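So the sequences go chain by chain: B and L.
Reminder that position 207 of the first sequence reads as 207 in the UniProt record's numbering, one-by-one numbering, no gaps.
Reminder that position 345 of the second sequence reads as 345 in the UniProt record's numbering, one-by-one numbering, no gaps.
In short, the hints are calculated from the structure, not lab data.
Here the structure is a predicted model, which is why all the values come from computation and not from measurement.
Treat the hints with caution; some may be incorrect.
Note: identical chains are not told apart, hence a pair may lie in one copy or across any two.
To be verified - Straight-line distance between alpha carbons at most 25 Å, and here's what the computed DSS-like set of lysine-lysine pairs gives:
id : residue 1 : residue 2
1  : K107      : K182
2  : K203      : K345
3  : K203      : K104
4  : K107      : K28
5  : K182      : K104
6  : K81       : K60
7  : K60       : K28
8  : K104      : K344
9  : K81       : K107
10 : K86       : K104
11 : K107      : K203
12 : K30       : K60
Number of protein chains: 2
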Amino acid sequence: MPSIPTETEGFQVDTPGVPPDFNRRSFKLKAADDYDVDIKIEACGVCGSDVHTVTGGWGKQNFPLCVGHEIVGRAVRVGPKVTLVKVGQRVGVGAQVYSCGECKQCKEENETYCQVNLINTYGSPWPGTDIVSQGGHAAYIRTNEYWVFPIPESLPTAAVAPMLCAGLTVYSPLVRHGALKKGAKVGIVGIGGIGHFGILFAKALGAEVWAISRSRTKEADARALGADGFLATNEEGWAAPHRCTFDLIVNCANSIDNFDLAAYLSLMDVHGRWISVGMPEEAGQTVRAQDLASNGVLIGASHLGSRREMLDMLKLAADKNIKPWVEEIQLGETGLKEVITRLKKGDVRYRFTLTGYDEVFGQ
Amino acid sequence: MPSIPTETEGFQVDTPGVPPDFNRRSFKLKAADDYDVDIKIEACGVCGSDVHTVTGGWGKQNFPLCVGHEIVGRAVRVGPKVTLVKVGQRVGVGAQVYSCGECKQCKEENETYCQVNLINTYGSPWPGTDIVSQGGHAAYIRTNEYWVFPIPESLPTAAVAPMLCAGLTVYSPLVRHGALKKGAKVGIVGIGGIGHFGILFAKALGAEVWAISRSRTKEADARALGADGFLATNEEGWAAPHRCTFDLIVNCANSIDNFDLAAYLSLMDVHGRWISVGMPEEAGQTVRAQDLASNGVLIGASHLGSRREMLDMLKLAADKNIKPWVEEIQLGETGLKEVITRLKKGDVRYRFTLTGYDEVFGQ
Numbered sequence: 001m002p003s004i005p006t007e008t009e010g011f012q013v014d015t016p017g018v019p020p021d022f023n024r025r026s027f028k029l030k031a032a033d034d035y036d037v038d039i040k041i042e043a044c045g046v047c048g049s050d051v052h053t054v055t056g057g058w059g060k061q062n063f064p065l066c067v068g069h070e071i072v073g074r075a076v077r078v079g080p081k082v083t084l085v086k087v088g089q090r091v092g093v094g095a096q097v098y099s100c101g102e103c104k105q106c107k108e109e110n111e112t113y114c115q116v117n118l119i120n121t122y123g124s125p126w127p128g129t130d131i132v133s134q135g136g137h138a139a140y141i142r143t144n145e146y147w148v149f150p151i152p153e154s155l156p157t158a159a160v161a162p163m164l165c166a167g168l169t170v171y172s173p174l175v176r177h178g179a180l181k182k183g184a185k186v187g188i189v190g191i192g193g194i195g196h197f198g199i200l201f202a203k204a205l206g207a208e209v210w211a212i213s214r215s216r217t218k219e220a221d222a223r224a225l226g227a228d229g230f231l232a233t234n235e236e237g238w239a240a241p242h243r244c245t246f247d248l249i250v251n252c253a254n255s256i257d258n259f260d261l262a263a264y265l266s267l268m269d270v271h272g273r274w275i276s277v278g279m280p281e282e283a284g285q286t287v288r289a290q291d292l293a294s295n296g297v298l299i300g301a302s303h304l305g306s307r308r309e310m311l312d313m314l315k316l317a318a319d320k321n322i323k324p325w326v327e328e329i330q331l332g333e334t335g336l337k338e339v340i341t342r343l344k345k346g347d348v349r350y351r352f353t354l355t356g357y358d359e360v361f362g363q
Numbered sequence: 001m002p003s004i005p006t007e008t009e010g011f012q013v014d015t016p017g018v019p020p021d022f023n024r025r026s027f028k029l030k031a032a033d034d035y036d037v038d039i040k041i042e043a044c045g046v047c048g049s050d051v052h053t054v055t056g057g058w059g060k061q062n063f064p065l066c067v068g069h070e071i072v073g074r075a076v077r078v079g080p081k082v083t084l085v086k087v088g089q090r091v092g093v094g095a096q097v098y099s100c101g102e103c104k105q106c107k108e109e110n111e112t113y114c115q116v117n118l119i120n121t122y123g124s125p126w127p128g129t130d131i132v133s134q135g136g137h138a139a140y141i142r143t144n145e146y147w148v149f150p151i152p153e154s155l156p157t158a159a160v161a162p163m164l165c166a167g168l169t170v171y172s173p174l175v176r177h178g179a180l181k182k183g184a185k186v187g188i189v190g191i192g193g194i195g196h197f198g199i200l201f202a203k204a205l206g207a208e209v210w211a212i213s214r215s216r217t218k219e220a221d222a223r224a225l226g227a228d229g230f231l232a233t234n235e236e237g238w239a240a241p242h243r244c245t246f247d248l249i250v251n252c253a254n255s256i257d258n259f260d261l262a263a264y265l266s267l268m269d270v271h272g273r274w275i276s277v278g279m280p281e282e283a284g285q286t287v288r289a290q291d292l293a294s295n296g297v298l299i300g301a302s303h304l305g306s307r308r309e310m311l312d313m314l315k316l317a318a319d320k321n322i323k324p325w326v327e328e329i330q331l332g333e334t335g336l337k338e339v340i341t342r343l344k345k346g347d348v349r350y351r352f353t354l355t356g357y358d359e360v361f362g363q
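Chain B extracted, bound-state conformation (with noise of 0.2 Å):
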């Protein structure tokens, strides 16, 4: 067995910019403990995520950084006491990768909630160390097997990525808030990266499903992924025919700009639920108890979702043979400029996935 890895290469931003500079250099991963896998990373689905923490929309943070947490890869190595994973079986990680295990939320499987020690991928310290999680722009991860996610076969690697982190933030509320409901009626606001995932997985799901995007111009797109209706919000009148009737509509949107919380608030039946997703960079919107009195709708948002969710949606992915548009990207400093550049503007339809691992850091 060869001696455990300390360090591994990757791509850091040290200031964020539009886009940052990515300096290829070498990083520490955690110490190996019993129950960590190491992971040689092959794929990284871009989130918004990405975008937001190095263009310096979401303020500061634990720079420098690696980001991407859409992690598809290969297990090279497991600790001795790691029953979940086996070495050379393609896995995945996703936004998250650690929690306490023993708080009651841990133990609901509400481990994304956790308020203990919540790790995420990248950007947080690793308790009683000076390591900060580093991401998926980098030939090696390590970390607990719990968040170590086995893929099923027929998946192919780099449409499987994005699902990590936009698949199941999406999923997770799809399924705890109402999508499972017979004769279900979901709208999926916001058709980008994680909202076309909505699209996918509510009607594979079985809801009816709505796509509600500002113009017409992703119609044929929602349609193509399998929506049932579409409504465009600039035109007059949209919400009206619609009034309380929607059981759960997912909030994909990554803006609040020019945003009509009221509109979309009516189109709920009664203690519907609007779950949001997108983390907008803007201060919020006002809430007026009033505004929620008529029909009773809860406001919400949903943050990633647990082990069994991830495998749920796995394996619903396989078995329906859902088909995410992704589009992949060599990993580099160019093609890492690109994504930002073009996610930042909205250019994709619908998830970029950074591949060609080997080319940078040999097989």
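On the provided structure of chain B, position chain L as indicated by the hints.
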């Protein structure tokens, strides 16, 4: 059988004021139909809505207006098709007196969320007429039998009146949003007219109940009402020990002045529900998806409760011998000015009921 009356006598407000003038005069009743019940009023609780309305806090209303929507009296006439109420029966009327009865919401016992034809007890034009609905500071009220609720024998008239709006307003979100869960931890924010019912009913439903108030002034009252615990939000660090532990908090506060919403939301367990039933006059609060994501809390509001919930609540109150804290005031211009003035400054523990109707209107 006497001829069917077309008018009744009561106290109307013409212009908002603090307090306004209450003018005794006759006004029209809706035309009687086959399903209507005429009630000779004996008592009427005084709701925060009455104060918001007659002092102008909620803006333009349909003045002149006779307010009051926690009405108890005797059925003195029933239409030929009425089956739910008998002449001579003691009955109540709450804050709503009609809905379409035909829409999805009405058919699913969400009639207080009817989007088609929701008639409030006072201030709503009866469709197809020039008659605006008038409330309980009057000798008689007439409405559809569905909105007339037989009252269990054991509940005293003055004590039960405030249940018709305040009681139901907090009972419905308790049973809909989590108080029935085994071991539920429920918070009641704002220990006023509605909040005191919140403590009484949450306890009667079996929950662990925490009263949450600005200071400890009302702690003894809250514990006497049945609260298991008490949190004072003016104390440093009040929220931290309860982080992520509440299943449901019903926010009964009537103002958002100095209201630290983020601290309240931090109390909620994963997908716990923060349900507002107060309708403050202020402009609202800013909410960001980020504030809701760490525990997936759901924010909502609630509007009254269904007929079934009303009957269940009255039965629970009778079965558990629930005793609201009510101060009786003689109906009349003096009494009305007094209750509005005292309610405006929160000087009541915890609800007024106007009584002595016979003194004013005769037997």
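Taking the hints in turn, this is what the structure says about them:
1. K107 <-> K182: Intra 29 Å, inter 18 Å, cutoff 25 Å: inter-copy only.
2. K203 <-> K345: neither (28 Å within a copy, 54 Å between copies)
3. K203 <-> K104: between (32 Å within a copy, 24 Å between copies)
4. K107 <-> K28: neither (31 Å within a copy, 62 Å between copies)
5. K182 <-> K104: Between copies only: 16 Å across, 30 Å inside.
6. K81 <-> K60: Classified as neither; 37 Å inside a copy, 70 Å across copies.
7. K60 <-> K28: Within one copy only: 21 Å inside, 65 Å across.
8. K104 <-> K344: Neither, since 38 Å and 43 Å both go past 25 Å.
9. K81 <-> K107: Close inside one copy (20 Å), not across copies (56 Å); limit 25 Å.
10. K86 <-> K104: neither (29 Å within a copy, 52 Å between copies)
11. K107 <-> K203: Cα proximity of K107 and K203: none, with 30 Å in one copy and 28 Å across.
12. K30 <-> K60: within (22 Å within a copy, 64 Å between copies)
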